[in-house]
Amino acid sequence: MQRTISSNWILFSLAISAFAIGSTEFISVGLLPLLTQSFGISLAQGGSTVSIYAAGITVGAPVLALITNRWNRKRLLIAIMVTFLVGNLLAALAPTFGILLAGRVIAAVAHGIFMAIASLIAADVVAPQKRASAIAVMFTGLTLATVTGVPLGTFIGETLGWRASFGFLLILGTIGLITNALLVPKDLPLPQPTSIKGIWRILKQPQLLLILIITALGYGATFPVYTYLTPILSQHMGWSSSAIVVILVFYGVAVAIGNTLGGRFANRRPLPAIMKMFVGLAVALFLVRLTVNLHVWGLLAVVAMGLFAFMNVPGLQLYIVQLAEAYTPNEVSLASALNISAFNIGIILGSGLGGQAVAQDQLVNTPWLGIGMLVLGVGVAAILQRMEQRQGQRDLRHQNAK
Numbered sequence: 001m002q003r004t005i006s007s008n009w010i011l012f013s014l015a016i017s018a019f020a021i022g023s024t025e026f027i028s029v030g031l032l033p034l035l036t037q038s039f040g041i042s043l044a045q046g047g048s049t050v051s052i053y054a055a056g057i058t059v060g061a062p063v064l065a066l067i068t069n070r071w072n073r074k075r076l077l078i079a080i081m082v083t084f085l086v087g088n089l090l091a092a093l094a095p096t097f098g099i100l101l102a103g104r105v106i107a108a109v110a111h112g113i114f115m116a117i118a119s120l121i122a123a124d125v126v127a128p129q130k131r132a133s134a135i136a137v138m139f140t141g142l143t144l145a146t147v148t149g150v151p152l153g154t155f156i157g158e159t160l161g162w163r164a165s166f167g168f169l170l171i172l173g174t175i176g177l178i179t180n181a182l183l184v185p186k187d188l189p190l191p192q193p194t195s196i197k198g199i200w201r202i203l204k205q206p207q208l209l210l211i212l213i214i215t216a217l218g219y220g221a222t223f224p225v226y227t228y229l230t231p232i233l234s235q236h237m238g239w240s241s242s243a244i245v246v247i248l249v250f251y252g253v254a255v256a257i258g259n260t261l262g263g264r265f266a267n268r269r270p271l272p273a274i275m276k277m278f279v280g281l282a283v284a285l286f287l288v289r290l291t292v293n294l295h296v297w298g299l300l301a302v303v304a305m306g307l308f309a310f311m312n313v314p315g316l317q318l319y320i321v322q323l324a325e326a327y328t329p330n331e332v333s334l335a336s337a338l339n340i341s342a343f344n345i346g347i348i349l350g351s352g353l354g355g356q357a358v359a360q361d362q363l364v365n366t367p368w369l370g371i372g373m374l375v376l377g378v379g380v381a382a383i384l385q386r387m388e389q390r391q392g393q394r395d396l397r398h399q400n401a402k
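Residue numbers for the sequence shown follow the numbering used here, so the first one is 1 and each next one is one higher.
Careful, some of the hints might be misleading.
Unchecked claim - In silico DSS-like links for lysine-lysine, alpha-carbon gap of 27 Å or less:
hint: 1; residue 1: K186; residue 2: K74
hint: 2; residue 1: K197; residue 2: K74
hint: 3; residue 1: K74; residue 2: K130
hint: 4; residue 1: K130; residue 2: K186
hint: 5; residue 1: K130; residue 2: K276
Source of the hints: derived by calculation from the structure; they are not laboratory data.
My request is simple: use the sequences and hints to build the entire structure.
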C-alpha cells in the first residue's frame with residue numbers, strides 16, 4: 001500500500017529545495033567584490049551574475065514547462081535538482097568568468113521550472129482558502145535562503161574563497177535532491193496538456209498580460225538597489241565586510257517576515273493587497289536614498305526595504321493562478337511558469353537599470369529607479385483592478401438575467 005504524505009511534508013520538501021535554489025540565485029550579491037577581484041572585471045560586469053541568472057530562469061521556465069508538462073512530477077523534480085547541481089559544479093570549477101556565467105545559466109534553467117511546478121503543487125495540496133499561504137510556505141525556502149543561505153555563503157566566500165561558496169551550494173542542492181526523493185509522492189496530479197499556442201492564449205488575454213507586467217515591475221523594483229547592496233553598505237554607509245554578513249542576515253529576517261505577512265494579506269483579495277505592498281516598498285526605497293550616506297539610519301532603511309522586498313510574491317503568484325483558472329483554465333501551469341519568467345524579467349530590468357546607473361557613477365541614485373518601476377506597477381495594477389470590477393459587474397448582470 002502506498003503511504004500517504006501530508007501536505008505539510010510536501011510543502012516542507014518544496015521549501016528545502018527552494019532554500020537551495022534561493023541561496024544560489026542571490027549569493028553573487030554577497031560575493032560581488034570577490035568575483036570582480038578574482039576575474040578582473042568591473043562592478044557593473046559582476047552584476048551580470050544576477051541578470052544572467054534571471055535570464056536563464058526567464059527562458060527556462062516557460063520552455064521547460066511546455067516540454068515537461070506531462071512528465072511525472074516527482075521524476076521531474078529530481079531531474080531539476082540534478083541539473084541544478086551540474087550548474088553549480090561548473091560554476092565552482094570555472095577557470096574564467098564566461099564559464100562561471102554558463103554554470104549560472106544551467107542552474108537558472110533548473111530554477112525556473114522548479115518554481116513554476118512547486119507553486120502549482122503547493123496550491124494543489126491545500127484547501128482553496130489557504131493557497132496563498134501554501135505558496136508562501138514554499139517561497140519561505142527562498143526567503144530563508146536570504147536570511148541564512150546568502151549570508152553564510154558570503155561568510156564562506158570571505159573566509160575560504162568564492163569557490164567554496166559554490167561548494168556550499170552543492171551541499172544544499174544535494175539535500176534538496178534527497179528530500180524530494182523521500183517526501184514528494186509519486187502520484188501527484190498532472191496538469192492539462194498544453195502547447196506553445198498556450199503562450200499566445202495567455203498573452204492575448206488582457207488580464208493575464210497585465211498581471212505579468214505588474215509582476216515584472218513590482219518584483220523587479222528592489223533590484224536596482226539589491227544587486228549592488230554590498231557596495232552600497234560598504235562604500236556609502238561605512239560597514240565592514242564582516243558586518244555586512246550580519247546585515248545580510250537581518251535583511252533576510254525582514255524578507256522572511258514580509259513574505260509570511262504577504263501571504264496572509266493576499267489570501268482573500270490579492271490585487272488590492274499587492275498595490276498596498278508596492279506603495280510600502282516605494283516608501284522604503286525613498287528612505288534608502290534619503291539615508292544612503294548615514295551609518296545607522298541607512299542600515300534601518302535597508303532592513304525596511306527587505307521587509308517589503310518580497311512581500312508581494314505570494315499574492316502575485318496566487319493571482320496569476322486565479323486569473324488563469326478563470327480565463328485560460330487549460331493553461332494554468334503554463335501561466336504559472338510565465339509568471340516565474342515575469343519575476344525574472346523584473347530582475348533583469350532592475351539589475352540592468354542599476355548596472356547602468358553604477359556605470360555612470362550613480363550608485364546612490366539606484367533607489368529612484370526602483371521607485372519609478374513601482375509607480376508604473378501601481379498604475380498598471382489600477383487598470384487591471386478596474387477591468388476586473390467591470391468583469392464582475394457583467395458576470396453579475398448575466399447571472400441576474402438568468
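Determine which of the earlier numbered hints do not hold for this structure and return their numbers in increasing order.
Those not satisfied: there are none.
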